[in-house]
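Asks: Turn these sequences into a full structure, and let the hints guide you.
Read top to bottom, the protein sequences are chains G and A.
In terms of numbering that gives the first Met the number 0, the first sequence is residues 0 to 234.
In terms of numbering that gives the first Met the number 0, the second sequence is residues 0 to 258.
Hints in this document: simulated from the structure, not taken from any laboratory.
Treat the hints with care, since some could be wrong.
Just so you have them, the derived chain A footprint on chain G, three or more residues with Cβ under 8 Å [said to hold, decoys possible]:
#, stretch
1, 66-75
2, 139-153
3, 170-179
DEER-style ranges, computed between Cβ atoms [said to hold, decoys possible]:
#, chain 1, residue 1, chain 2, residue 2, range
4, A, ALA60, G, THR193, 48 to 58 Å
5, A, THR27, G, THR193, 50 to 60 Å
6, G, ASP188, A, GLY31, 58 to 68 Å
7, G, GLY51, A, ARG14, 37 to 47 Å
8, A, ARG230, G, GLY51, 40 to 50 Å
9, G, ALA47, A, ARG22, 37 to 47 Å
10, G, ALA48, A, GLU99, 41 to 51 Å
11, A, ARG29, G, GLY196, 49 to 59 Å
12, G, THR210, A, GLU132, 52 to 62 Å
13, A, ASP115, G, THR103, 44 to 54 Å
14, G, ARG22, A, PRO20, 19 to 29 Å
15, G, PRO184, A, ALA81, 48 to 58 Å
Virtual Cβ for every residue (Gly too), placed ideally from N, Cα, C.
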Amino acid sequence: MRLVIVAGPPSAGKTAVVRQTIRSLQDRHRIAYLKIDVVRAFEDEELAAEFGIPARSICSGDLCPDHAGVMVMRDAIAWAEEESADLLLVESAGLCLRCSPYTTQGLGVVVLSAVSGTNTPLKMAPMLALADIAVVTRIDLVSQAEKEVFREQIREVNPDLDIVETNAVQGTGMRYLLRAIEDYPPITDPEAITLRGVPPLGVCTVCIGKTEIGWQHHFGVVRRMEGADYLFRGD
Amino acid sequence: MVSSSIREVTILPGRSRSGEPERFEAITIRPGDTISIVGPTGSGKSALINDIEVFARGDTATGRTVLVNGAYPPEEFVRDPAHKPVALITQNTRCLADLEVAEFLSMHVRSRRIADDRIVDRTIALANEFTGEPILPDARMTALSGGQTRSLLVADAVMIAAAPIILLDEVENAGIFKERVIEVLRDAGKAVVFVTHDPLVSLLSARRIVMRDGAVERVIEPGNREDEALREALRLDGILHGMREEIRAGNLITESIGV
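Replies: Below, the structure is given as structure tokens:
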């Protein structure tokens, strides 16, 4: 079974990219879909109704959704295998520009919207740095100059990133994403899958619902303001 | 292959929406060509220029194939906007950056690594030939009108992107001097393809592709058979242009504009 993890900021067009992918590949593959979200998710029901594929969602509640994704990924692979899927598409909640939920043994797809401004690629550098392929959506809406600058900004963060420009409504350019998915090696050992990098998933007492301010009231990953460049960075 | 070495682009037939094979053998586009794509809303006009824009290989909904110089084009033609020989400008295409016009163009010039410090001025000058509302170098992109934006994007495609093929999707509604745009693009050796509902743009084009049910129904080359219709369309366009200017100027039109 192949694993594809689709991440990107809110409203970048992740689900539109997933929908085009399923539409194009459903004749050749048995596809399962998992949506990770925070409060509510509708994509699993929509895609199950539209394509008749096994689809599920998980809402992370007070937990960071990418942390939730890491926790459930092993179960999700087992579920998709029980469904006899040969392709599992996992879509992130897209909450945080700093998140990078990509793993080994799976294709990392980052979805960015061309209308989000030319500096966006620089703001979401960690996600771009650890992805394999960037899908730039809504390319039909921006001027030639901005298209070119947007591409250069992505290259500045990750010169090796494969870039696909698309207008996912019509599916232009999607052929290169489909090729990357089909060319990616299947999972060989689910037990050996790890995150590609350390995302900002530190689950602290704020993350799980304590609202008091000041480090004195908290435990877990706690740092004082003095001397911290980032409040917490993975070791 | 560099974009300046494009001798021709060939469209090979696909299928209509109901699955019927298209009945043309091949449509060839060469530098200096003017082509309009016409037909009712939903007949597949935008899908056709979309096929050209992505250099379809039987992998779009229409099943068409688009070749460059008789062969499949190299991948960077399709994937890298800086190498793409096709510039598509639609009614929706806009500049998001809140920059001044000169800054915006300079940004494009820098990304192309063009070492010509006059090119920004010349691009603005060309854009001003396409619109009646002068574009100033220090105007903000986001404050330009639809006509000014379209004029600037066409001038940018000609001067900075230097694309040999320009696809214009219903840009006539934006209020630009269509006749002048066609003249400049033809003189510059650009191939230009319009998706249009505008009679003047259609009559000014040397070839007309008629769409129906997602398929090319026929390709018309009117030659000089439509000269009279063109004269009439130009006269009407002149009258409407004159009226527009009067109304803009706050005048009452009490006499014939007569061109």
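Asks: Does the Cβ-Cβ separation between ARG230 of chain A and GLY51 of chain G fall within 40 to 50 Å?
Replies: 59 Å, violated
Asks: Does the Cβ pair ARG22 of chain G, PRO20 of chain A satisfy 19 to 29 Å?
Replies: 23 Å, holds
Asks: Indicate whether the distance between the beta carbons of ALA48 of chain G and GLU99 of chain A respects the range 41 to 51 Å.
Replies: 49 Å, holds
Asks: Taking 58 to 68 Å as the hint, is the beta-carbon distance of ASP188 of chain G and GLY31 of chain A inside that range?
Replies: 60 Å, holds
Asks: Would you say the C-beta atoms of GLY51 of chain G and ARG14 of chain A sit inside 37 to 47 Å of each other?
Replies: Taking Cβ atoms as reference, GLY51 of chain G and ARG14 of chain A lie about 26 Å apart, which means the hint is violated.
Asks: For the stretch 66-75 of chain G, count the residues whose Cβ lies under 8 Å from any Cβ of chain A; is that count three or more?
Replies: Our answer is that it is violated, as 0 residues pass the Cβ test (under 8 Å) against chain A, missing three.
Asks: Taking 8 Å as the C-beta cutoff, is the stated coverage of the stretch 139-153 of chain G by chain A satisfied by three or more residues?
Replies: Holds, because 12 residues of the stretch 139-153 of chain G bring their Cβ atoms closer than 8 Å to Cβ atoms of chain A.
Asks: Closer than 8 Å Cβ to Cβ for three or more residues is the test here. Does the stretch 170-179 of chain G pass it with chain A?
Replies: holds (count 5)
Asks: Could you tell me whether the CB distance from THR27 of chain A to THR193 of chain G stays inside 50 to 60 Å?
Replies: 54 Å, holds
Asks: I want to verify a distance hint. Is the separation of the beta carbons of ASP115 of chain A and THR103 of chain G within 44 to 54 Å?
Replies: Once the Cβ atoms are compared, 47 Å apart, the range 44 to 54 Å for THR103 of chain G and ASP115 of chain A holds.
Asks: If I claimed the Cβ atoms of ALA47 of chain G and ARG22 of chain A lie 37 to 47 Å apart, would that claim hold in this structure?
Replies: 41 Å, holds
Asks: Is the distance from the Cβ of ARG29 of chain A to the Cβ of GLY196 of chain G consistent with 49 to 59 Å?
Replies: Check passed, 50 Å falls within 49 to 59 Å.
Going down the numbered hints, you'll see the structure goes against 1, 4, 7, 8, 15, while the others check out.
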